[in-house]
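Make the full structure from the sequences, and use the hints.
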Amino acid sequence: MVDQTKSRIIEKNRLTELLDKLAQDYHLIAPVRDNNVSFRRVESGSEVTLDYINTVLSPKNAFFPQTETLFRFSRDDSRGFRTEPGAEADREQVIFGIRPCDARSLRLMDMVFNGQYKDSYYLDRREKTTLIGLACFDPAETCFCPTFGIDPASGEDVDILLSDIGDRYLVEASTEKGAALLDRFAEFFAELRGDEEQLREARKAGLAGMKKLDVSAIADKMAPLYEGDYWDSIGMKCLGCGICTYLCPTCHCFDIADVSLDEGGERFRCWDSCMFPEFTLMASGENPRPNRKARVQQRFFHKFKYFHDRNGELACVGCGRCLRYCPVNIDITQIIEDVTSGKAGNE
Amino acid sequence: MKATSEEVQTSVKKLFEDGSIGHFIGYETGSDSLHVTPCFLKSGQAASRLVWNPLCANNLSKYLLDFKNVEGKVGIMVKGCDSRSVVELLKENQIDRDKVFIVGVPCSGIVDREKLLEVLGISPGEVVAVEDDGDAFLVTIKGGTQRVDKEKVLRGECLVCKYPTPLVYDVLLGEAVSSLPWVGDDYSLIKEQEALSSEEKALHWNREFSQCIRCYACRNICPVCTCTECIFDKKAPRWISKANDVSENLVYHLVRAFHVAGRCIDCGECERACPMNIPLRSLNKKVEKDLLELFDYTAGIDVEQQPPLTTYQLGDLDEFL
Amino acid sequence: MQDTKEVQTEFKPKILAFCCNWCAYAGADLAGVSRFQMPTDVRVIRVMCSGRVPPELIIRALANGLDGVMILGCHPGECHYSEGNYLTRRRAHVLKRLLSYIGIEPERFQLRWVSAAEGAKFSAVVKETTDKITALGPNRWVDKR
Numbered sequence: 000m001v002d003q004t005k006s007r008i009i010e011k012n013r014l015t016e017l018l019d020k021l022a023q024d025y026h027l028i029a030p031v032r033d034n035n036v037s038f039r040r041v042e043s044g045s046e047v048t049l050d051y052i053n054t055v056l057s058p059k060n061a062f063f064p065q066t067e068t069l070f071r072f073s074r075d076d077s078r079g080f081r082t083e084p085g086a087e088a089d090r091e092q093v094i095f096g097i098r099p100c101d102a103r104s105l106r107l108m109d110m111v112f113n114g115q116y117k118d119s120y121y122l123d124r125r126e127k128t129t130l131i132g133l134a135c136f137d138p139a140e141t142c143f144c145p146t147f148g149i150d151p152a153s154g155e156d157v158d159i160l161l162s163d164i165g166d167r168y169l170v171e172a173s174t175e176k177g178a179a180l181l182d183r184f185a186e187f188f189a190e191l192r193g194d195e196e197q198l199r200e201a202r203k204a205g206l207a208g209m210k211k212l213d214v215s216a217i218a219d220k221m222a223p224l225y226e227g228d229y230w231d232s233i234g235m236k237c238l239g240c241g242i243c244t245y246l247c248p249t250c251h252c253f254d255i256a257d258v259s260l261d262e263g264g265e266r267f268r269c270w271d272s273c274m275f276p277e278f279t280l281m282a283s284g285e286n287p288r289p290n291r292k293a294r295v296q297q298r299f300f301h302k303f304k305y306f307h308d309r310n311g312e313l314a315c316v317g318c319g320r321c322l323r324y325c326p327v328n329i330d331i332t333q334i335i336e337d338v339t340s341g342k343a344g345n346e
Numbered sequence: 000m001k002a003t004s005e006e007v008q009t010s011v012k013k014l015f016e017d018g019s020i021g022h023f024i025g026y027e028t029g030s031d032s033l034h035v036t037p038c039f040l041k042s043g044q045a046a047s048r049l050v051w052n053p054l055c056a057n058n059l060s061k062y063l064l065d066f067k068n069v070e071g072k073v074g075i076m077v078k079g080c081d082s083r084s085v086v087e088l089l090k091e092n093q094i095d096r097d098k099v100f101i102v103g104v105p106c107s108g109i110v111d112r113e114k115l116l117e118v119l120g121i122s123p124g125e126v127v128a129v130e131d132d133g134d135a136f137l138v139t140i141k142g143g144t145q146r147v148d149k150e151k152v153l154r155g156e157c158l159v160c161k162y163p164t165p166l167v168y169d170v171l172l173g174e175a176v177s178s179l180p181w182v183g184d185d186y187s188l189i190k191e192q193e194a195l196s197s198e199e200k201a202l203h204w205n206r207e208f209s210q211c212i213r214c215y216a217c218r219n220i221c222p223v224c225t226c227t228e229c230i231f232d233k234k235a236p237r238w239i240s241k242a243n244d245v246s247e248n249l250v251y252h253l254v255r256a257f258h259v260a261g262r263c264i265d266c267g268e269c270e271r272a273c274p275m276n277i278p279l280r281s282l283n284k285k286v287e288k289d290l291l292e293l294f295d296y297t298a299g300i301d302v303e304q305q306p307p308l309t310t311y312q313l314g315d316l317d318e319f320l
Numbered sequence: 000m001q002d003t004k005e006v007q008t009e010f011k012p013k014i015l016a017f018c019c020n021w022c023a024y025a026g027a028d029l030a031g032v033s034r035f036q037m038p039t040d041v042r043v044i045r046v047m048c049s050g051r052v053p054p055e056l057i058i059r060a061l062a063n064g065l066d067g068v069m070i071l072g073c074h075p076g077e078c079h080y081s082e083g084n085y086l087t088r089r090r091a092h093v094l095k096r097l098l099s100y101i102g103i104e105p106e107r108f109q110l111r112w113v114s115a116a117e118g119a120k121f122s123a124v125v126k127e128t129t130d131k132i133t134a135l136g137p138n139r140w141v142d143k144r
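Chains as they are written, first to last, in numbering that gives the first Met the number 0: chain A, 0 to 346; chain B, 0 to 320; chain C, 0 to 144.
Everything labelled a hint here was simulated from the structure, so no lab data went into it.
Given the structure is predicted, the values throughout are model-derived calculations rather than measurements.
Hints may be right or wrong, so weigh each one.
[Said to hold, decoys possible] One side only, chain B facing chain A, incomplete, derived with CB under 8 angstroms:
1. A2
2. S30
3. T36
4. P37
5. D65
6. S122
7. G124
8. Q210
9. C211
10. D232
11. N243
12. P274
[What the hints assert, rightly or not] The following residues of chain A were derived to be distant from chain B, with all beta-carbon distances above 12 angstroms:
13. F147
14. R183
15. L191
16. K220
We treat Cβ as the ideally placed atom computed from N, Cα and C, and that holds for glycine.
Next up, the structure:
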């Protein structure tokens, strides 16, 4: 139901103007079309594209950058070291156009970075971010977010949700942060005309045939597959590249390393991937996950069992990126079906 | 006559039956009808899974490295380009010719999925099948069949392919294709790039390399990247930082292009694998062009030919005085 | 505009020279002993043969912020190990063209033949390279975060 008091509309032709305004006051991160569509920092509304199903890279970069400086160090006069903090998020940022699946992934990331150990770098950015979501009415064939209880037309995990209803967007604030932003830019938004609910329902028709798998018992069904040869053929096929993990909105593994040049240097954190052999390589030369099969297996066990055991949720949002961009077409939905149907153990 | 999926299935079945092979690497239908995926067989029973159609882009020869130590022969399906990477693997003694059984299929071009969907203005789910039909593809869509000119929807490497028929094989299915009508000057795009100023080139490649996420898909999919430990994975000395910035990405892409110099056969797998759509073939093609011009060398043609950068001639061009 | 000009006149390039132990390194020595005048922007690394310098090192050096890199080796036919310089010559042809393709000017990577007796040539090469690279300005590929 559209909440009449908190909802507004914006005419399509005023959107660019709004984005221009947002870019002045915030770090605006929005989908940009280059070789591909990805979230980027933009300076003006005209750079933004809205003609996309989903971006290639998920917006996790905005909270958990591929490479970020934790601190810099240099020698001081007394032969010791002095350190200074790395760049912090100096301004509030707005992520425009995030899809509901990606927005959900942030909730999962929070479990990691805001769990027992608080990650100040991530949390600082998270706190300073307002999410403006874009409801999804034309999902791709590879999308299966309903599997994880995500409604692609809902604003559950964003601050403001925009729904494209033809000549205008329905704008709904679902948090106080979102409502505050709507107030601040009130000049762009108008009162509802009354037919919005109806128009949105009509658009939802496109979501009817979406893939929805039953994953209710998947964590339990994964356990016996730790041994056995189900993963052999998948490991055989896998090339061991990092596409699936780097594009995944929920994959969050990282590495920390130092670079030192001359008299100083920095410590940085960067994405790492369980698909790479060095991920588990020990100093002795021993590698507990010595082959592609072991690594592929780990990826799915982490998503559908270990993360669930620890946090009570599955580490997948059904965005379909790993499936769409895998060069050898490893199909995560097929794996889910194999596991849940029991086919995986009986081959 | 073109080879069909049925033909592939029957001959593979026969190869298993008469004991010629113990394993087979081919293609099967993937997650939807616009995708195929590599398929590994241990017996002829499952041969009916095999397919051969204009979507079979993967260069399967990379997988031969995983079968080095298995019992018996491994059968593999190769297109023209794939056979050239097999030649390179043989040249470098990466695989034993006696241990592979090569099923060659002449290829008249592979579909670029993205281009096809754009030209037809449809979504992937609507496609039922894609077939080869001379200078066009017959695309079966829900509710009809459409003819699409090949030149509009072929993969980049297929537009300049000079070897559509495998150069090395034990059995060839279907009729050999001697040349493809659309292939012209394969270096026209490279020459355009070369003509730019240094500033323009740097700007262009800076933009391209800044998009790289270093997933290493281009390396891992490359059939001639065969090192057991890649220089980029070495811990000591560390040749490349794990940090992602333009100069590290530059190191990665230049070193990669150089390491496959004289071995790259332009199967286009690196570019196909790249999720960020970086025009990687452009770098490889440039090196390929130089090797041809400087040393009259083309990779993947002749197993006996000496790789160009491991040899020299006294009379080589000397522009360094 | 004024600012850029100022920067350009102040620009001192960083240049690296990989010198073969058997020729150019001795040539550099001779240049020094003979008191030939030359710019001081070149840092020398001694290697056992010009063939010992793989393209990775050149690329790494350029990405690390060097404005130019030279390999100085024995004249063709004079390699201490018979053929190292011939192999380097082939690689250099390809590398130079590849670097130029992505916008690194060909002047930034030089392969030159300098024998142990050519102290004068060593200083001339150093001077020429320094001048060329100074004119080109800083290596625009260095873009550390």
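Q. Looking at the structure, which of the earlier hints fail to hold?
A. 1 and 9
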